[in-house]
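Participant: For reference, the chains in residue letters:
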Amino acid sequence: MTVSRRDFLKISGASGGALGGLSALGATLAPALARAQELRIKEAKTTPSVCPYCSVGCATLVHTVEGKIVNIEGDPRSPHNEGTLCPKGAATYQLHVNPNRPTQVLHRAPGATDWEVWDLDRAMSRVAELVKKTRDETFIERLPDGTPVNATTAIFSLGGATLDNEWNHIHQKLLRGLGIVAIENQARI
Amino acid sequence: MGSNMAENHPVAFRWPMKAKMNGAKIIHVDPRFTRTSAMADIHAHIRAGSDIAFLGGLVNFVLDHPRWNSEPFFRTWLLEYSNAPFIVSSDFQDAEDRDGVFSGLLEYKGGVTEWPLNGFVGSYDGKSWQYAGTATGATGEPAAQTAKSGETGPSNRPHDAGAAADRGTGDPRRAAPPPGPPFDALVRSLKKPPPRRDPTLQDPRCVFQIVKRHFARYTPEMVERVTGCPKDLFLKVAETLLENSGPDRTSAFVYAVAWTQHTNGPQIIGCAALLQILLGNMGRPGAGIMALRGHASIQGSTDIPTLYHSIHGYLGHPSVLKRHRTLAEYLASETVATGYYANTPKFMVSYLKSMWGDAATKDNGFGYGWHPRILGDHSHLPMFVAMDERRVKGMLLIGQNPATSINARLERRAMGKLEWLVVKDNWVHESATFWKNAPEVKSGAVRPQDIKTEVFFFPSAQVAEEEGSFTNTQRMLQWHFKAAEPPGDCRGDLWFTYQLGKRLKALYASSTAARDEGFQKLLFDYAPAAESERAKGGPDPHRILKEINGFLTADPGQHLKGFGELKDDGSTTCASWIYCGVFPAPDQNLAARKQPDPPGQEGGQLQWGWAWPANRRIMYNRASADLQGRPWSERKKWVWWDGSTWTGKDTPDFAITRSPSAKADPNGIGMDALSGTEPFIMKTDGRGWLFVPTGLVDGPLPTHYEPAESPVKNPLYKQQSSPVLKYWKHEGNSLAGTGDPAFPHVITTYRLTEHYLAGAMSRWNPWLTELQPELFVEISPELAAAQGIRNLDFVRITSPRASVRAKALVTRRLRPFVIDGKTVHQVGMPWHWGYEGVVTGDVVNELTALVADPNVSIHEGKSFVCRVEKA
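Chains as they are written, first to last, in my numbering: chain W, 1 to 189; chain U, 1 to 871.
Each hint can be trusted.
Think about it this way: if two alpha-carbon atoms lie no more than 27 angstroms apart in a straight line, the pair counts; the simulated BS3-like pairs of lysine-lysine are: (1) U:Lys594 / W:Lys45; (2) U:Lys482 / W:Lys45; (3) U:Lys452 / W:Lys133; (4) U:Lys663 / U:Lys192; (5) U:Lys482 / W:Lys68; (6) U:Lys505 / W:Lys132; (7) U:Lys718 / U:Lys212; (8) U:Lys594 / W:Lys68; (9) U:Lys502 / W:Lys133; (10) W:Lys133 / U:Lys521; (11) U:Lys362 / U:Lys191; (12) U:Lys594 / W:Lys42; (13) U:Lys594 / U:Lys482; (14) W:Lys68 / U:Lys536; (15) U:Lys521 / U:Lys567; (16) U:Lys417 / W:Lys133; (17) U:Lys729 / U:Lys718.
Hints in this document: simulated from the structure, not taken from any laboratory.
This one's a predicted model, so the numbers in the text were calculated from it and none came from an experiment.
Same shape as in the complex, but just chain W (with noise of 0.2 angstroms):
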């Protein structure tokens, strides 16, 4: 029997009431939703994670069945979260498995008033293209007075503080290499 919390709320829902619900389940409600959750896990691959959100670093178990993410919780190891995460954190599940989430490549042309679903590789090349374009329009190799600058401002890169060091790395260093200099992320504000 595997049934959560939320489709036990469902149930008791649809029967009119918490009794009806309570009834359609059977009298040893709790322990049978302790056993459920435990069998979710049962059989899972447990993987060390830590919360995306905000700054703390709480500590988190990732469970996976045949390369599923089944369940996310609280690592009890952790000296900073002791197993417990808060609303945000205990719903990172959510993050991950959801009927919203977008899994293709969307492209808007200039004008049009809808997207389009394109493949990776060619908006990947398409995106290099008009790097190289911007930059070599508007690279400024010195001023006036001889300064060097080695740089263009047309440029913008935004974000990054939800990600992760080595990333943050790869990317200033690839800019910076190519004389970007604007990059700026949720730090600034």
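Based on these hints, arrange chain U on the given structure of chain W.
Facilitator: Okay, now just chain U, sitting in the frame of chain W:
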């Protein structure tokens, strides 16, 4: 203060709650009564934007208190650990004597014609703020600081204050700095005479006397007049704080963006630092000033700066506005001779080696010539002004949502002028669809056909589908492992940037243009060793963290164990000196450690993750011991001198064998110039700064200014708001004048536990939207009665920029203030809503303005004005 910790960092708030169960007192100073206030022993309500008046009152209370004036503990801190005895230039004139303006105020004339968007309304020449007999340049030394100064972290002097004088272009009086490597001669050439000092603290020009005079008018009565907090309540806070400070007790300040989002944010934090140094609450367990940062790795993205103003480890970004034409000039401009930052040449050369590897040689200044220079302020606000002026053609938007950000209508209008926009995100958020679903499009005011922007949306992997490290608010790196593959075309962020880089490398491979040479030589190979991983097209995150950590240039298998091993001759490669040590051997990723201290033996938890610098959990912890190196008390024991070495519960923050009795070498550079009792080793003089002679552009002492928009006149000075704040005069960005009757109400904005930022990571999530479905505005019963508003009515909130609609939440959590005899109403709004997601609502940030602090260019979202009326 400046934080609603229970709401926004709830799991961390468990620890103050545990401390409370052990007898600690929690004080919450905040404009609103919040979830944090509900748990506090004292809630002191102050008007939004009056923090410095409150903190200044605390400083004045402490300085006048008999216990503080008589106890040896405080005297030692003042004389030996702070810069109180140092003599300031006789040219210095305080804001107290000049009606709110310090000496040196000038009309702003910085910047270059290529970038006229720096936003300053005025600027200071800070020469007169320096210690007597030590002034060298227009605005003094520019060394990177280590203290957190708001959400952007440390700031150098902004890149154009006093720029013309500092650029030195064509100035024959400025001799070329000594070349290198080695750069010892260059560092030595920067040596200044040590500051003069008065150990009796009686000289009227010593820091202590200046500070005393500066805060003398910040009396309890003045605190009440400016902040609206009743005098008795203020005194209760002051007494509690002082009572809980001393050898046996420590107090900590905790803040978040409610201290940074002001036109004088760094000065608010600086005022808390001043107070904490006076109270001996630095470098000790349970002490300090804690920045509660808002994003999982915002600390990491500041350390590894995807921020325009700095490069790795808080080194200043090369700039055309400073004398930075060559590596030697850059080092002469950015290095200081005394304190730990004398090692800057080692950090910089090792960074350049990480960029260009073997192509970075002694003969080409380690590739410095290829490094780009900034032209001015390229931060968030001026970049959107530039975009609206069509100076910006393309934007890479990766995990941020400006369509709901500051003066959001203006930012959306600017995005519509881009040639191309790349959005990479987990959700199709407001910035991805601004051309389609923004309110101005829905209303017909703007037609999608007229927006000529080419827009891309790349779906992202989520955290458990990627491997890498976050740096959390406590400077701790924690590794997250990959649990599952992302679905469909979702890709990790690393994959995206690595693939973009590889494609650009191919596009530039055959170029013969000189300006492409640097990019051609840039090291950008992070391919995984395993073929199965290589086939997926992403990089190996371990290889990246290894490059950040550093290794011997001649043998990349020999990792560096700490920044003490860095050299300035190119023999070490290290992207980030502050992260050096996180990966001390090829098989030791210390960020991935998950070993808590054994039960009952909890200490520094040094085997859980890795905190920069050097896995140190409390910075400046030499201060946890007295002059002789003994713990101040058994209860607050942390780091101590055992007769031959520094030891304790943490990695000591001092030269490990430098004895407490070591004398400062008057001719020495680096750490030799500091004595064995000077704990603040990142400062040039080893002291905690009560008075800030260099590094801030808006004054050496915190001073109460009104926000850029305020219903009241500044009760303390004729100068209404900061004379050097940043304001971008631009269409759609007007400000209300002081006391404008059209905008009589103060508004503050904030976040809720159940949502995150503008909602991209929470309003698509049914569980969270069920908990907090709808936008609201908190209104006091008094204001509601005055405006004829009942609970749950729809109301309209209008600022000079925009108007939004929200449901009224009439609550006693908000209250009117009496400020200088005038009743001031204040409202509060969360800003999590937008026009995409499972639940939607108006964009509250449309109300805010492009107005900012001059040090760090952070906007003023925590206090501005509006009009609230029934919709």
